[in-house]
Amino acid sequence: MKNWSNRLTGPSPESRCEAHGRWITRLALVVIAALVLSIIGFLLCRGSRLFLTGEGTLSAFLLGTNWDPGHQAFGAAPMIVTSLFVTLLAGLLALPLALAVALATTEILPRGAKRFLQPGIELLVGIPSVVYGLVGLTILVPLTRKLLGGTGFGLLTGAGVLFLMVMPTMTSMAIDALEAVPNQLRRASAGLGATRWQTIHRVVLPTARGGILTALIFGMARAFGEALAVQMVIGNAAVMPHGLGSSAATLTSVLTTGMGNTIMNTPENDALWSLALVLLLMSFLFNLATRLVSRKKG
Amino acid sequence: MTQSPAITVNQVAVAYDSKPVVSDVSLAFPAKQITALIGASGSGKSTLLRCLNRMNDGVATVSGEITFHGVNINAPQVNVYRVRQQIGMVFQQPTPFPLSIYENVIYGLRLRGVKDRSLLDQRVEESLKQAALWEEVKDLLKASAQALSGGQQQRLCIARTLATRPEIILLDEPTSALDPLSTNQIEATLSQLKKDYTIIIVTHNMQQASRISDWTAYFEQGKLVEFNQTAQLFINPKEERTANYLSGKFG
Amino acid sequence: MKKIELQNRLATILILSLAALAALIAGGLVGYLLASGLPHVSWQFLTGSTKSFASGGGIFDQLFNSFYLVVLTLLVAVPLALLAAIYLSEYAKQGPVTTGLRLAIEVLSSLPSIVIGLFGYLIFVLQWRLDFSLLAGAMALTILNLPLLTRACEDALRQVPQLQRQAGLGLGMPKWRVTTKLVLPAALPGIITGAVLSAGRIFGEAAALIYTAGQSTIAVDYANWNPFAPTSFLNPLRPAETLAVHIWKVNTEGLVPDAAAVSSGAAAVLIITILIFNLAARGLGKLLARWLSR
Numbered sequence: 001m002k003n004w005s006n007r008l009t010g011p012s013p014e015s016r017c018e019a020h021g022r023w024i025t026r027l028a029l030v031v032i033a034a035l036v037l038s039i040i041g042f043l044l045c046r047g048s049r050l051f052l053t054g055e056g057t058l059s060a061f062l063l064g065t066n067w068d069p070g071h072q073a074f075g076a077a078p079m080i081v082t083s084l085f086v087t088l089l090a091g092l093l094a095l096p097l098a099l100a101v102a103l104a105t106t107e108i109l110p111r112g113a114k115r116f117l118q119p120g121i122e123l124l125v126g127i128p129s130v131v132y133g134l135v136g137l138t139i140l141v142p143l144t145r146k147l148l149g150g151t152g153f154g155l156l157t158g159a160g161v162l163f164l165m166v167m168p169t170m171t172s173m174a175i176d177a178l179e180a181v182p183n184q185l186r187r188a189s190a191g192l193g194a195t196r197w198q199t200i201h202r203v204v205l206p207t208a209r210g211g212i213l214t215a216l217i218f219g220m221a222r223a224f225g226e227a228l229a230v231q232m233v234i235g236n237a238a239v240m241p242h243g244l245g246s247s248a249a250t251l252t253s254v255l256t257t258g259m260g261n262t263i264m265n266t267p268e269n270d271a272l273w274s275l276a277l278v279l280l281l282m283s284f285l286f287n288l289a290t291r292l293v294s295r296k297k298g
Numbered sequence: 001m002t003q004s005p006a007i008t009v010n011q012v013a014v015a016y017d018s019k020p021v022v023s024d025v026s027l028a029f030p031a032k033q034i035t036a037l038i039g040a041s042g043s044g045k046s047t048l049l050r051c052l053n054r055m056n057d058g059v060a061t062v063s064g065e066i067t068f069h070g071v072n073i074n075a076p077q078v079n080v081y082r083v084r085q086q087i088g089m090v091f092q093q094p095t096p097f098p099l100s101i102y103e104n105v106i107y108g109l110r111l112r113g114v115k116d117r118s119l120l121d122q123r124v125e126e127s128l129k130q131a132a133l134w135e136e137v138k139d140l141l142k143a144s145a146q147a148l149s150g151g152q153q154q155r156l157c158i159a160r161t162l163a164t165r166p167e168i169i170l171l172d173e174p175t176s177a178l179d180p181l182s183t184n185q186i187e188a189t190l191s192q193l194k195k196d197y198t199i200i201i202v203t204h205n206m207q208q209a210s211r212i213s214d215w216t217a218y219f220e221q222g223k224l225v226e227f228n229q230t231a232q233l234f235i236n237p238k239e240e241r242t243a244n245y246l247s248g249k250f251g
Numbered sequence: 001m002k003k004i005e006l007q008n009r010l011a012t013i014l015i016l017s018l019a020a021l022a023a024l025i026a027g028g029l030v031g032y033l034l035a036s037g038l039p040h041v042s043w044q045f046l047t048g049s050t051k052s053f054a055s056g057g058g059i060f061d062q063l064f065n066s067f068y069l070v071v072l073t074l075l076v077a078v079p080l081a082l083l084a085a086i087y088l089s090e091y092a093k094q095g096p097v098t099t100g101l102r103l104a105i106e107v108l109s110s111l112p113s114i115v116i117g118l119f120g121y122l123i124f125v126l127q128w129r130l131d132f133s134l135l136a137g138a139m140a141l142t143i144l145n146l147p148l149l150t151r152a153c154e155d156a157l158r159q160v161p162q163l164q165r166q167a168g169l170g171l172g173m174p175k176w177r178v179t180t181k182l183v184l185p186a187a188l189p190g191i192i193t194g195a196v197l198s199a200g201r202i203f204g205e206a207a208a209l210i211y212t213a214g215q216s217t218i219a220v221d222y223a224n225w226n227p228f229a230p231t232s233f234l235n236p237l238r239p240a241e242t243l244a245v246h247i248w249k250v251n252t253e254g255l256v257p258d259a260a261a262v263s264s265g266a267a268a269v270l271i272i273t274i275l276i277f278n279l280a281a282r283g284l285g286k287l288l289a290r291w292l293s294r
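Protein chains in written order, with the numbering used here: chain A, 1 to 298; chain B, 1 to 251; chain C, 1 to 294.
Incorrect hints may have been included.
[Claimed, not checked] Pairs of lysine-lysine, DSS-like flavour, derived with a Cα cap of 27 Å:
id, chain 1, residue 1, chain 2, residue 2
1, C, K286, A, K114
2, B, K223, B, K19
3, B, K19, C, K93
4, B, K19, B, K32
5, B, K194, B, K138
6, B, K142, B, K115
7, B, K32, B, K142
8, C, K181, B, K115
9, C, K286, C, K181
10, B, K142, C, K93
11, B, K138, C, K51
12, B, K129, B, K32
13, B, K195, B, K32
14, B, K32, B, K238
15, B, K194, B, K129
16, B, K19, C, K286
17, B, K129, B, K115
18, B, K138, B, K195
[To be verified] A few chain C residues that don't get close to chain A, going by computed Cβ distances all over 10 Å:
id, residue
19, T12
20, P174
21, F228
22, T231
23, F233
24, P239
25, N251
26, L275
27, R290
Because the hints were derived from the structure by calculation, they are not lab data. Positions of the beta carbon are idealized from the N, C-alpha and C atoms, including for glycine.
Starting from the given sequences, assemble the full structure and let the hints guide the process.
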């Protein structure tokens with residue numbers, strides 16, 4: 001009796017192994033939690049320094065149009081507007097094309113076409129953003145120069161580079177969204193005598209709307225956060241843009257060029273961290289938007 | 001009656017997320033006999049079986065006492081790995097690991113650090129013989145277990161459980177995924193095994209229960225309705241609900 | 001009736017021509033990159049070292065740095081992602097901890113890479129005094145790739161049939177051992193595919209690196225295998241400019257006269273490497289799966 005009680009209770013190599021495993025996986029948890037919290041914490045802390053030290057005010061930062069941190073001018077509105085504008089333009093340019101490719105592969109072209117296209121799309125998704133920047137520099141800049149005059153660097157070129165960069169990702173996500181539409185719906189619609197276009201725009205697109213919106217938001221989030229590709233072609237003038245051809249600067253491009261040239265804890269440097277904080281908050285907003293859109297679908 | 005019971009459950013209740021699926025079951029399983037648990041699906045028979053070697057841990061809350069060699073193995077301080085080594089389990093679907101037949105059989109021993117080659121060889125032969133698989137596979141012990149037929153795979157899983165020398169073997173509808181011929185072979189194997197092992201089998205096949213078991217417990221809606229020697233229960237059920245189920249008015 | 005059919009035909013033509021336009025743009029892009037870059041890719045280009053002010057420089061150092069950074073990053077990121085994935089697929093119960101972890105990973109995945117780079121600069125480079133170094137770069141890239149890798153590992157683990165886990169537990173194996181001995185080997189093909197795909201992403205990343213791994217390369221000794229020696233090519237504490245950063249650097253602040261040639265050649269090399277990574281991810285996964293199910 002005593003013997004059995006000993007055998008069936010108490011630790012064994014197995015229970016020690018299990019405790020060990022639990023401990024290790026919890027460790028990963030702690031590391032990730034610490035990482036995320038410290039990223040948010042440090043950016044909040046750094047990003048709010050400008051306002052806490054009294055060097056700048058929040059309203060002047062958000063609404064001011066004069067950015068010259070060396071001379072106590074911390075108006076970030078030009079960058080915020082530029083970032084939003086190029087993102088929106090890129091997203092709206094890319095959406096029809098991405099959707100057209102997705103519709104063509106899932107609804108119109110024969111099944112085999114997808115197998116042919118998929119690796120191509122994957123390759124394009126994988127092309128690094130600096131390469132897109134390089135393409136912008138060697139093709140889009142001369143093209144814009146011819147089209148709009150001026151230097152060729154500017155808003156339109158920036159949006160063009162972002163458009164090229166996000167289109168493959170959006171296409172791939174749009175294909176997934178359309179493929180998630182059950183085939184019975186298509187057959188039912190066709191069975192009622194609907195043409196292909198009627199089926200697409202009355203059944204397929206409404207059903208896949210959530211997924212397509214997610215693709216758009218995801219693409220725009222990527223465009224908003226992209227730094228180097230834009231920085232290479234946008235001209236980097238931190239002023240309010242006045243036309244498609246005018247040089248401008250995004251939040252990311254100012255961060256890219258400025259961070260290395262300022263000294264920690266100076267107001268100039270703090271202002272840059274405030275820009276980074278705006279970037280962080282915007283990425284949360286995009287994330288939230290994706291959640292809302294995909295929830296509505298279900 | 002025979003000797004003292006191998007395992008006893010006393011007032012056991014099981015709930016998934018506070019939704020009760022088994023309530024107030026008390027039952028003593030006779031040693032070295034085959035006990036069948038029957039009942040419609042959802043009657044709680046499989047859930048009760050899984051309590052016997054703590055497979056419900058982390059899935060459902062189990063209350064009550066389950067006594068094995070005088071120890072309440074449902075107590076939190078009990079070492080579940082030791083319990084499962086004493087009380088093995090064979091599942092509905094054959095689950096060979098992606099290894100050779102030989103490695104599959106000794107899997108449990110290897111984990112316990114047994115390295116003695118001759119002991120391992122001997123266990124493989126014994127276990128495969130007990131599971132009535134030895135003649136079919138003795139020349140392909142190094143071959144992949146996944147190349148075997150479904151029935152052979154299930155007997156391999158029985159051999160794998162036997163190799164760790166448990167006292168009790170729990171089987172959860174072990175033949176429901178198999179063809180009639182393989183089912184016959186498994187049933188024959190089980191009848192052989194009861195010389196040395198206590199066997200508890202869940203089945204929804206009443207003929208199977210009547211063919212192979214010595215004792216039968218009938219469950220309905222999470223409650224034990226009747227427990228008796230199989231012959232008694234099938235020929236002369238004491239409860240009307242049992243009689244209804246057996247005559248097909250239910251399930 | 002006529003009108004509806006006309007509408008159908010017009011819409012089909014519109015969709016197909018837009019799709020053709022997209023394909024033309026994409027095809028032209030890749031074609032242009034390869035056509036303008038490949039002529040500059042020579043053995044000398046791949047094995048030579050960079051020249052600061054003169055033309056004819058190669059990209060060997062950058063190419064090596066990129067590969068070394070991939071290895072360093074995966075060394076840190078794969079174990080961490082795998083453990084998180086094991087927690088999520090094997091251990092996690094519904095509750096605030098699991099929800100919190102998923103939220104944290106999602107937050108990470110939505111961070112722009114420049115933000116991660118700046119965080120790395122602040123913490124690893126300045127606070128921890130690692131300076132611009134491969135190690136700081138690898139840690140920043142770990143953060144960047146953690147969400148993708150964790151997702152890939154979790155998907156791979158979840159593909160393993162539940163029955164295998166039950167069988168292991170029924171034999172009295174601890175869950176941790178069921179995970180490491182039964183589930184992990186079966187999930188390996190998927191994990192490898194995920195790791196190689198992230199390798200491609202690491203290879204092309206630049207924004208997270210300019211303020212962590214740095215934008216310059218010191219002269220290193222490729223014969224010195226001691227990773228602690230300051231001039232060793234294996235020293236993880238040396239600054240290292242990768243190929244992607246090099247392309248950016250040459251085009252924005254470069255002083256080399258043949259910037260266009262160097263960067264288009266480097267871009268071609270980058271694209272081909274990533275293509276190889278993509279193909280390898282698929283091929284390796286399949287090969288391994290076949291080998292495991294022998």
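Do the hints match the structure? See the list:
1. C/K286 with A/K114: The given pair, whose Cα atoms are some 20 Å apart, holds under the 27 Å limit.
2. B/K223 with B/K19: 14 Å, holds
3. B/K19 with C/K93: 17 Å, holds
4. B/K19 with B/K32: 34 Å, violated
5. B/K194 with B/K138: 24 Å, holds
6. B/K142 with B/K115: Cα-Cα ~18 Å, so holds.
7. B/K32 with B/K142: 33 Å, violated
8. C/K181 with B/K115: This hinted pair holds, its Cα atoms lying about 17 Å apart.
9. C/K286 with C/K181: 20 Å, holds
10. B/K142 with C/K93: Outside the cut-off at roughly 39 Å; violated.
11. B/K138 with C/K51: 69 Å, violated
12. B/K129 with B/K32: 19 Å, holds
13. B/K195 with B/K32: 6 Å, holds
14. B/K32 with B/K238: With a Cα-Cα distance of about 25 Å, the restraint between B/K32 and B/K238 holds, given a limit of 27 Å.
15. B/K194 with B/K129: 14 Å, holds
16. B/K19 with C/K286: 43 Å, violated
17. B/K129 with B/K115: 21 Å, holds
18. B/K138 with B/K195: 24 Å, holds
19. T12: 6 Å, violated
20. P174: 4 Å, violated
21. F228: 25 Å, holds
22. T231: Fine: 25 Å to the nearest Cβ keeps C/T231 off the interface.
23. F233: 23 Å, holds
24. P239: 13 Å, holds
25. N251: Given that some Cβ of chain A is not farther than 10 Å from that of C/N251, nearest at about 6 Å, it is violated.
26. L275: Violated, since 6 Å does not exceed 10 Å.
27. R290: Per Cβ check, C/R290 is outside 10 Å of chain A; nearest 20 Å; holds.
Checked against the numbered hints listed earlier, the structure breaks hints 4, 7, 10, 11, 16, 19, 20, 25, 26; every other hint is satisfied.
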